[in-house]
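Trainee: Here's the letter readout for the chains.
Number of protein chains: 2
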Amino acid sequence: MLTLYDYLDSGNGYKCRLLLAQRGITYTYVECNIMQGETRTPQFLEKNPNGRIPALQIDDGPVLAESNAILCWLADGTDFWPSERLAKAQVLQWLFFEQYSHEPYVATPRFILRHLGRDHPRMAELPERLKKGRDALQVMESHLQKQDFFVSNRYTIADIALYAYTHRAHEADLDLTPYPAVRAWLTRVAAQPGHVKMLPGD
Amino acid sequence: MLTLYDYLDSGNGYKCRLLLAQRGITYTYVECNIMQGETRTPQFLEKNPNGRIPALQIDDGPVLAESNAILCWLADGTDFWPSERLAKAQVLQWLFFEQYSHEPYVATPRFILRHLGRDHPRMAELPERLKKGRDALQVMESHLQKQDFFVSNRYTIADIALYAYTHRAHEADLDLTPYPAVRAWLTRVAAQPGHVKMLPGD
Chain A
1 MLTLYDYLDS
11 GNGYKCRLLL
21 AQRGITYTYV
31 ECNIMQGETR
41 TPQFLEKNPN
51 GRIPALQIDD
61 GPVLAESNAI
71 LCWLADGTDF
81 WPSERLAKAQ
91 VLQWLFFEQY
101 SHEPYVATPR
111 FILRHLGRDH
121 PRMAELPERL
131 KKGRDALQVM
141 ESHLQKQDFF
151 VSNRYTIADI
161 ALYAYTHRAH
171 EADLDLTPYP
181 AVRAWLTRVA
191 AQPGHVKMLP
201 GD
Chain B
1 MLTLYDYLDS
11 GNGYKCRLLL
21 AQRGITYTYV
31 ECNIMQGETR
41 TPQFLEKNPN
51 GRIPALQIDD
61 GPVLAESNAI
71 LCWLADGTDF
81 WPSERLAKAQ
91 VLQWLFFEQY
101 SHEPYVATPR
111 FILRHLGRDH
121 PRMAELPERL
131 KKGRDALQVM
141 ESHLQKQDFF
151 VSNRYTIADI
161 ALYAYTHRAH
171 EADLDLTPYP
181 AVRAWLTRVA
191 AQPGHVKMLP
201 GD
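As you go down the protein sequences, you meet chains A and B in turn. The numbering of the first sequence is my numbering, which starts it at 1 and goes up by one. The numbering of the second sequence is my numbering, which starts it at 1 and goes up by one.
Looking at chain A on its own, in the form it has when it is part of the complex (with noise of 0.2 angstroms):
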């Protein structure tokens, strides 16, 4: 049995999620408050010591971290991560993509905006994070002018780990109307079979 050490609002948690879902896999959920702490207590920094969420516990053994390596993890095998050797490492360089130049732009400011408040001193990191995310969105944008999702045109892991928090731009003040191939995209992975939404209110 998995268990995953998860935050419901965390898109990075939402992509393993998703992809449980999708896979049919059952799994106990772990609800951690990261703003009250509870991904930094001794107890918890034995799991992942990182401290993050999600951390994905196998079989009461080892803990993975790092939402996209749990993905791969859950992917391997099948066709949400393809076995050969190019397509596969273009799902891991989104992925890096997602991680690198998405996720610091897009998720962040969602996260100032959500759960520190507009007063935050942290909002005055918005206007450099935002203009970094508008580029991520034109990356993507560009890309999926061309092919219906990331790599070998079909649904992947690629897709899952830049639909969680694409998904939710419009809560990090992110306007996805000049991304119309971003927008048909999204349609698109949410039509995918066995979708759930993030979030009970969605």
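FYI, nobody ran anything at the bench for these hints, they're computed from the structure. Any given hint could be a false lead.
Pairs involving identical chains hold if they fit within one copy or between any two copies, as the list cannot separate such chains.
Subject to a maximum C-alpha distance of 20 angstroms in a straight line, what follows is the list of computed SDA-like cross-link-like pairs (lysine to any residue) [as the list claims (entries may be wrong)]: (1) Lys88 with Thr78; (2) Lys131 with Pro121; (3) Lys132 with Thr108; (4) Lys146 with Pro121.
Given chain A, put chain B in place with the hints provided.
Mentor: Okay, now just chain B, sitting in the frame of chain A:
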């Protein structure tokens, strides 16, 4: 034949050069001066729309971006990236850790100090970045106190990815004295067969 678009002072590029050397693969090296905008020209953006080095062109065909995805492509099917499902994902866990929790806090301060200079306004970012850099080094230290290498107790691309900027930490004003296990691991990595240094003057 492979073509590596790179910048000699880049640790991300060095990861690829190191593995190419250790695998004994010959390739064409194309230096792109990031300080003169050579990765933002229309010609380069056709190769990597995200405008970054390193980028690896495969037989005049597709171009793979993201240093850690290039490592995976180069290591696929070799002992540098174990094929066993959990170990494979654990390697990826450390590669994502490197890009999200280490590179922005070790490589970026180094870039500011070496390429922008101590009079640059971005120096204001250093205290917060270096604090998180020390957090990343502490996560590595705790892990390496229990094992010689990051995954499966043998040298893999997880070690290559983390070695690249950690062995330049002094150039980022990060003192490795408090991290003896990290320092011992740096020595072990540098002693691997086929190891090459990053810069000609090293």
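Trainee: All hints are to be evaluated individually against the structure, with a verdict given for each.
Mentor: Taking the hints in turn, this is what the structure says about them:
With identical chains, the CA atoms of Lys88 and Thr78 are at most 20 angstroms apart both within one copy (11 angstroms) and between copies (15 angstroms). Both within a single protomer and between protomers do Lys131 and Pro121 lie at most 20 angstroms apart by alpha-carbon distance, with minima of 18 angstroms and 18 angstroms respectively. For the identical chains of this complex, Lys132 and Thr108 are neighbours both inside a copy (12 angstroms) and across copies (16 angstroms), given an alpha-carbon limit of 20 angstroms. Taking the shortest Cα distances, Lys146 and Pro121 never come within 20 angstroms of each other, neither inside one copy (40 angstroms) nor across copies (39 angstroms).
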